[in-house]
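Participant: Below are the chains, spelled out letter by letter.
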Amino acid sequence: MADDRESVFASLRASLGRLERRTPYPDYPADAATPPARRGTGPGLFRQRLEAGNTIVIEGADALAGLLRDRGVRTGYCDPDLVPLLATALGPEFELRAGFDRNRADDYEFGITRASAGIVETGTLVLKDQHTSDRLGAVAPWIHVACLEGGRLHETLAQAFDDLGDDPNVVLVSGHSQTADVEGIMIHGVHGPGEQVCLLLESEKETETGP
Amino acid sequence: MSRQALDAFAAGIESEVLEAIEIGARSGVDKRLATLTEDYADADALRRLAGQVRQHTLDHLDEYLASAEERLTSHGAQVHFAASPDRALEMILDIVRASGTRVITKSKSMASEELDLTRRLTEEGFEPVETDLGEFVVQLDGDRPSHIVKPIIHKNRRDVARSFERCGLGDYDDDPETITRRARAYMRDKFLDARVTMTGANFISAESGRVAVVTNEGNARFGLAAADVHIVLAGIDKVIPRDRDLALLLSLLIRSATGQRITSYVELVAGPRLADRPSGPREMHVIFLDANRSSVVGSDMAPILRCIRCGACMNACPVYRLSSGHAYRGVYPGPMGAVLGPLLAGNEGFAAVADLARASTFCGACRDVCPVDIPIPDLLARLRARSVREGVILARAGVPSMAGYLLLARHPRLWRLAMGLGRVLDWLPLRRLPLASIRAWFDSRTLPRWRGAQFRKDVKRGRREQEDG
Ligand code: SF4
Numbered sequence: 001m002a003d004d005r006e007s008v009f010a011s012l013r014a015s016l017g018r019l020e021r022r023t024p025y026p027d028y029p030a031d032a033a034t035p036p037a038r039r040g041t042g043p044g045l046f047r048q049r050l051e052a053g054n055t056i057v058i059e060g061a062d063a064l065a066g067l068l069r070d071r072g073v074r075t076g077y078c079d080p081d082l083v084p085l086l087a088t089a090l091g092p093e094f095e096l097r098a099g100f101d102r103n104r105a106d107d108y109e110f111g112i113t114r115a116s117a118g119i120v121e122t123g124t125l126v127l128k129d130q131h132t133s134d135r136l137g138a139v140a141p142w143i144h145v146a147c148l149e150g151g152r153l154h155e156t157l158a159q160a161f162d163d164l165g166d167d168p169n170v171v172l173v174s175g176h177s178q179t180a181d182v183e184g185i186m187i188h189g190v191h192g193p194g195e196q197v198c199l200l201l202e203s204e205k206e207t208e209t210g211p
Numbered sequence: 212m213s214r215q216a217l218d219a220f221a222a223g224i225e226s227e228v229l230e231a232i233e234i235g236a237r238s239g240v241d242k243r244l245a246t247l248t249e250d251y252a253d254a255d256a257l258r259r260l261a262g263q264v265r266q267h268t269l270d271h272l273d274e275y276l277a278s279a280e281e282r283l284t285s286h287g288a289q290v291h292f293a294a295s296p297d298r299a300l301e302m303i304l305d306i307v308r309a310s311g312t313r314v315i316t317k318s319k320s321m322a323s324e325e326l327d328l329t330r331r332l333t334e335e336g337f338e339p340v341e342t343d344l345g346e347f348v349v350q351l352d353g354d355r356p357s358h359i360v361k362p363i364i365h366k367n368r369r370d371v372a373r374s375f376e377r378c379g380l381g382d383y384d385d386d387p388e389t390i391t392r393r394a395r396a397y398m399r400d401k402f403l404d405a406r407v408t409m410t411g412a413n414f415i416s417a418e419s420g421r422v423a424v425v426t427n428e429g430n431a432r433f434g435l436a437a438a439d440v441h442i443v444l445a446g447i448d449k450v451i452p453r454d455r456d457l458a459l460l461l462s463l464l465i466r467s468a469t470g471q472r473i474t475s476y477v478e479l480v481a482g483p484r485l486a487d488r489p490s491g492p493r494e495m496h497v498i499f500l501d502a503n504r505s506s507v508v509g510s511d512m513a514p515i516l517r518c519i520r521c522g523a524c525m526n527a528c529p530v531y532r533l534s535s536g537h538a539y540r541g542v543y544p545g546p547m548g549a550v551l552g553p554l555l556a557g558n559e560g561f562a563a564v565a566d567l568a569r570a571s572t573f574c575g576a577c578r579d580v581c582p583v584d585i586p587i588p589d590l591l592a593r594l595r596a597r598s599v600r601e602g603v604i605l606a607r608a609g610v611p612s613m614a615g616y617l618l619l620a621r622h623p624r625l626w627r628l629a630m631g632l633g634r635v636l637d638w639l640p641l642r643r644l645p646l647a648s649i650r651a652w653f654d655s656r657t658l659p660r661w662r663g664a665q666f667r668k669d670v671k672r673g674r675r676e677q678e679d680g
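These protein sequences, in sequence, are chains A and B.
Numbered as in our numbering, the first sequence ends at 211 without a single skipped number.
Numbered as in our numbering, the second sequence ends at 680 without a single skipped number.
Careful, some of the hints might be misleading.
One-sided excerpt, in silico: chain A residues whose CB lies under 10 Å from chain B [to be verified]:
(1) PHE100
(2) SER174
(3) VAL182
Label pairs and their computed distance ranges (CB to CB) [what the hints assert, rightly or not]:
(4) GLY379(B) <-> PRO36(A): 48 to 54 Å
(5) GLY223(B) <-> ASP106(A): 43 to 49 Å
(6) LEU485(B) <-> ASP106(A): 24 to 30 Å
(7) ARG369(B) <-> PRO36(A): 41 to 47 Å
(8) SER7(A) <-> ASP255(B): 38 to 44 Å
(9) ILE224(B) <-> ASP106(A): 41 to 47 Å
(10) ASP255(B) <-> ASP106(A): 48 to 54 Å
(11) PRO36(A) <-> ALA486(B): 26 to 32 Å
(12) GLY66(A) <-> ASP253(B): 43 to 49 Å
(13) GLY150(A) <-> GLU230(B): 50 to 56 Å
By construction, these hints were calculated from the structure, which means they are not laboratory data.
On a predicted model such as this, the values are computed, not experimentally measured, just so you know.
Quick reminder that beta carbons are idealized off the backbone N, C-alpha and C, glycines included.
Let's have the full structure, built from the sequences with the hints guiding it.
Facilitator: See below:
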């Protein structure tokens, strides 16, 4: 497809050629925008921030079974790698499907996939493509359960951006899907999950530091 | 013409619309302020820092743009450059035709408004679906967004419920939750049908090529899970130097736009999906739109291109709040639109929108809230000067002659005399003077009581006090 690359760059260079002085890149710490009160790390603080930001936090497969039972749901998508672990723990009451059939998208009442890390500053789950078995399985069902194994935590947003690697698609998830488009009234569950759950599979004994 | 086009538009707005805008804008102002004050001891220092990062990028845009292109290409994305909105449209049409899709899901993108994209795709036989709830309502109504963050700030729930009913999305029900559930159900099928999804970009990192898109609804996320082809349409000004700048810029953007610390979703897309994954786009196209931006960099108007589209300046602007975004007659409303609109219109289009630079009281609220420290009032003043230099008639409408002021300002004695006599103005029926421009001016303003000559008196008194020790 022919495009206008040359003319755009020629115009840019002509315009920039007029500049006598170009603004230098400022020397600043990458976490300059992390508020002092939101510093600190550790599973406890992370959990607190997740909950404050509309993410439900549970620990262990029993708690998951309790939550799903409470919501009255039994069929969902599950990352194939997690099926052996969770199917036994959840028992026959729940049907975990290891593939997401897009023609039957409404059949999946929940979706279970892995999270790659967490961000303490903002109470955020990091979903990288390399750890997400199926993007649709994570976004389409009403309930999304993100399993965070080993509790890999970044203290700040800046640290998380430093760790993106070459993953083609990283999603930072902070709470459930929501909108305030109609009269500014907050409604949850627009296109993404109406309930965001973080399942901590083994809480790491990290040292807790306060803000 | 006796009044500015914007004033004429504002005079005809229904009070219900003004009320909706006032409530929406005020809540934006309050939430932004609450979060920034709670989080930072010196938010102004951060605004200046972010402004410098953005200005640095613009001053080296040729290098950063080339770097972003190189990185994206190395990840398997296809990069295109469009000199004009029409050229961008041609490129989009080529891509969607090749994909064989009919349905195209779209996330919010102001650049796509520059192309009038939804309407034009529909004319070409496609079914574009605006998936942001606010933009969806705009599409149902054949309307235009009136705010860059809250597209339907001018509508209340009853308007939305009527639109849903009219378009067959259920019986009239103005409960926001019902409206949202209906939109969810309708849109899911579209997401699963569409082979192409489009997003804008909040930022594109020159270092990694990563495209950052923020949403709360999860529409971009669903699109990026369900479609085969992802098209990003972004102005060339969206580039930033490095990934590390994302922390600073996203933190300020989100706090300024919605008062949140982070949105529900931040998508960071660097290329097509991993080959062994079952879902996500196999093909990614990034279209960089110029549309006169390249002629603005390097000029004294370049700071407007630092804009990160947070909408804070319109929330804070008394003129926007009393006139609505539609009064700005273009894609970008409010103070930033009054600067950007005339510049993007190019030399040929400038005269038709040059009057927008008059849509300001110069109170400076826009400059004070801007997360990238854009001196908007200075830029507006430069545009006003340009419209005078170029003799733009439209921009002069309703502006009383300044000849009298010029005469007095050049003759100090006359000035002193006039200041002394000015008290008479308090008693004259100025509103009734048979001069159209004066009448138009008084339509929306009241003169305060005369306080002329006070400054000279104060200076004299100060001097005397100094002499007396
Ligand atoms: S000009 Fe500044 S305040 Fe206005 S939208 Fe742009 S970044 Fe926000």
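Participant: Hint by hint, note whether the structure agrees.
Facilitator: These are the hints, each one checked on the structure:
Taking 10 Å as the C-beta contact cut-off toward chain B, the hint placing PHE100(A) at the interface holds, the least distance being around 7 Å. With its C-beta approaching chain B no nearer than about 5 Å, SER174(A) sits inside the 10 Å limit, and its interface hint holds. Below 10 Å, beta-carbon pairs count as interface contacts, and VAL182(A) has one with chain B at about 4 Å; its hint therefore holds. Look at GLY379(B) against PRO36(A): about 52 Å separates their beta carbons, and that is inside 48 to 54 Å.
For the hinted restraint 43 to 49 Å between GLY223(B) and ASP106(A), the CB-CB distance of approximately 46 Å keeps it satisfied. For the hinted restraint 24 to 30 Å between LEU485(B) and ASP106(A), the CB-CB distance of approximately 27 Å keeps it satisfied. For ARG369(B) paired with PRO36(A), a C-beta distance near 44 Å keeps the hint of 41 to 47 Å intact. Evaluation of the 38 to 44 Å hint for SER7(A) and ASP255(B) yields a pass: the beta carbon distance comes to about 39 Å.
For the hinted restraint 41 to 47 Å between ILE224(B) and ASP106(A), the CB-CB distance of approximately 43 Å keeps it satisfied. At about 50 Å, the beta-carbon gap between ASP255(B) and ASP106(A) stays in the expected band of 48 to 54 Å. For PRO36(A) and ALA486(B), the hinted distance range of 26 to 32 Å is not satisfied, since their beta carbons lie about 44 Å from each other. At roughly 46 Å, the beta-carbon separation of GLY66(A) and ASP253(B) lies within the given 43 to 49 Å, and the hint holds.
Checked against the given bound of 50 to 56 Å, the beta carbons of GLY150(A) and GLU230(B), roughly 52 Å apart, stay inside it.
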